[in-house]
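Chemist: Spelled out from the first residue to the last, the chains are:
Number of protein chains: 2
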Amino acid sequence: MLDIALIGTGGMMPTPKRFLASAIIRYKGTSILIDCGEGTQIPLQSLGWGFKDINNILFTHYHGDHIGGLPGILWQMMLAGKTEPLNLIGPVGIEILYGLVSVVKRLPFKINLISLRDLDKSFMIDDIEIKTTPLFHGEKCLAYSFEIKRLREFDPIKAKELNIPIQLWNKLQKGHTTFYDGREFIPDMVLGTERKGLKVSYATDCRPSTSLIDFVRDSDLYIGEGMYGSDEDLPKAKEKLHSTFSETATMAKKAGVRELWLTHYSPSLTNPKSFINVAQKIFPNTEIGEDGKQKVLKFQN
Amino acid sequence: MLDIALIGTGGMMPTPKRFLASAIIRYKGTSILIDCGEGTQIPLQSLGWGFKDINNILFTHYHGDHIGGLPGILWQMMLAGKTEPLNLIGPVGIEILYGLVSVVKRLPFKINLISLRDLDKSFMIDDIEIKTTPLFHGEKCLAYSFEIKRLREFDPIKAKELNIPIQLWNKLQKGHTTFYDGREFIPDMVLGTERKGLKVSYATDCRPSTSLIDFVRDSDLYIGEGMYGSDEDLPKAKEKLHSTFSETATMAKKAGVRELWLTHYSPSLTNPKSFINVAQKIFPNTEIGEDGKQKVLKFQN
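Protein chains in written order, with the numbering used here: chain Z, 1 to 301; chain D, 1001 to 1301.
Calculated from the structure, these hints are not laboratory results.
Check each hint, because a few of them may be wrong.
[What the hints assert, rightly or not] Listed below are several chain Z residues computed to face chain D (Cβ distance under 7 angstroms; list not exhaustive):
1) M1
2) P14
3) G39
4) G68
5) A80
6) T83
Don't be surprised by glycine CBs; every beta carbon is placed ideally from N, CA and C.
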């Protein structure tokens, strides 16, 4: 069970009705925040998931509307009594965040700044596998995906039939071949068929690209850029290296994702819902992201 | 005519219904912003006075809730096409703002960081005389006052009767004694009686003090700390070095101000209006400050 929530859905600047694009993912007590523009602490406070358990903040890039709320988040974490280290993770250039971190004095927890130099490598945060891919944007900018692998089902009746010692069950369940008492035990002896895990991908601030389509492929939920609702804004999207609803819906379709949420709206797009048909015509399972929108993703079998 | 607006009225942290305490003063095209906590750009944008003409930001102190919105303000100024230098002015320690300024790249205007080392000196920003006084708070924290002096009325009929050369009129009007053509010309020859100017004072984050009462004396508008509405919160106010409605109203009364606006409310004070009687019982001309509240102060005669 993976919880996902959009914190804010605005691009470029916060407005009285929409905070800046940010999202949070939670799995088995691990919370990961993605981006934190100015004001993010306000909707994050309203969400009620707390600040203390966030040990990782991922940054897509370092434009102001994605980083300016960091001091406020740090203050809230301090108020919440956080003591565990906080990792700030993002593309090369993360040293820019020193400036924002330095204004908060006497932090009772350590901060690690981690640059992702090899963008094709994945990394784990607890049980969540995180992958990145560079986006087609003005500044070095990343998409993130979050995958929860699902273990194959363990069959204890079969294990008993095969006289597999109980102390090996856990290793086999995790997929490790084991030698014990002169015998070889392989996972296939006691595990069922492969089971689908969960995948969420998050990509704002980009033009469409084939590498992004590959990257979000088969996502249960793809949270994608919705800077402009109308197709008439395509020239603007091209010029400013953003995307339209149609373009993102087309990527969702090509990538065979299960569901698309649009986010990261231009301040000029006051009512994104009025353009939902534009996206749904191409990819029916599109939803308009809103500040605070939540979903629980469950394993399918 | 002096325009004054409260941008936000919250203390400690922004909430979905209240932005952080900040105010703006405008006189003859000069706009001065006081404090800018996280999110200040949002209500400041709603106010509609623009970002370009703000050439000075005064900081009362450097707690997070008074400085965190600086990067956002700088981005808005950049978007608005600002090119004139921006002065960031506050008590000693202003170097902390470097961190916030440094995250905004390619600013098209110069930034000057100005420490107020001599707190008993006043300074001018265009036609506005600004004074400061230290407040009784945990960190070095300042109150600000803004005074517009009013020139004595110039009497051109008298000037003509006295054969005062027209090229001296302007100097005399400004109060300067002048020697010309073997004669002495003194302002009293052509100026009427003294005229009352305008005074606005701004003091958040403090315990009451006699020096503050002296400082705000005779203000047309005193914008004062309203951290706690109920008298029952007095112990908390003392502990945290803030003030209650009653305490600030008592200062307003002792200082003989014309009008009091309360601001800088605790996040726990969800409905400040429900405590207005507490303040008005002591100082009847009290108003509850709200985000966006505005007033135009005019000369009295």
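Chemist: Of all the hints numbered above, which does this structure not satisfy? Sort the numbers upward.
Modeler: 1, 5, 6
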